[in-house]
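Below, each chain spelled out in residue letters.
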Amino acid sequence: MNGPPQTKRNSWILPAAVVAVAAAVLWHSDPARGGLWPKCPFYVLTGLYCPGCGTSRALHHLLHLHFVTAFRYNPLAILSLFFLAALWRSKSLRTHPRTPAAVLIVVVAYFVLRNVPVKPFVFLAPMGQPPPAFSGRAPRA
Amino acid sequence: MYCTRCGTRNDDNAYKCVQCATILHPAPTQQPAWGAPPIPPGTVPNYLAQAILVTIFCCLPFGIPAIVFASQVNGKLALGDMAGASAASSSARTWCWVSFGIWIAGALLYVVLAVALASIGALAGPR
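Sequence lines, in order, name chains A and B. Mapped onto our numbering, the consecutive letters of the first sequence carry residue numbers 1 to 141. Mapped onto our numbering, the consecutive letters of the second sequence carry residue numbers 142 to 268.
Keep in mind that a hint or two might mislead.
Pairwise CB distance ranges, derived in the manner of DEER restraints [unchecked claim]:
1. A:Leu14 - B:Arg150: 47 to 53 Å
2. A:Trp88 - B:Leu250: 43 to 49 Å
3. A:Pro15 - B:Met142: 42 to 48 Å
4. B:Ala248 - A:Thr95: 29 to 35 Å
5. B:Asn154 - A:Val19: 53 to 59 Å
6. B:Gly242 - A:Leu113: 25 to 31 Å
7. A:Thr95 - B:Thr149: 30 to 36 Å
8. B:Asn151 - A:Ala17: 57 to 63 Å
9. B:Gly148 - A:Thr95: 24 to 30 Å
Chain B side only, calculated, beta carbon under 8 Å to chain A, not exhaustive [as the list claims (entries may be wrong)]:
10. Pro182
11. Gly183
12. Ile193
13. Ile197
14. Phe198
15. Ile205
16. Val209
17. Tyr251
18. Leu258
I should point out that these hints are in silico values taken from the structure, not numbers from a laboratory. Glycine included, each C-beta is placed from N, C-alpha and C at the ideal position.
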């Protein structure tokens, strides 16, 4: 399962290069303006938001340091960046028996609640837009 | 099993130590029925970070089964169930790759289609 030490040592280079290229592309073009950006297939098929909906738009605004706009597109994506950093830093959080179950509850609850087209929950949807499945409009980016 | 007090080896089903008569079976909450000791957490990777990444950043709900299996790994380790933990760990890893693979395949397909449509448009002449 684990590669030899030589490949292990350089294993960060490819992911780092992919992240750098993705960040450059994301910084350059706003997914909300369409262009080359594809829409999420789950969103197009169902008219519902998945937990990842709005992440690329949020990251675009995060790279431009528009923190509030980034948060409004996908609050959990922004919070998950902090959580991933904590997971990386803290061995006790990483190995705690309840951590994955807590993450599961939060993600599933987020999945359900951000599709509820009512006032407090609608703020979990990208830019506070209720999902097309419940508002009669066609799914748009 | 070994006596917790004097270290004498006893039969696995023994109720009391043959040497010092200490009761060998601890409270049921401490250990599971088959008497396996808890395995230190982190022995088997649970791929939780990767599962979160593919769930939130791959824009497909296939990351959720990865989180489900990730949540089983630590619990099974605490119960001393090494085989179950390993199976859940490899399932979590598989679902991470499924989610990531579908995302990559979709992105590649999209790029190919976009290039194809653009070139057809260019061949058809100016609009």
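Which earlier hints can't be squared with this structure?
-> Of the numbered hints given earlier, those the structure breaks are 2 and 18, listed in rising order.
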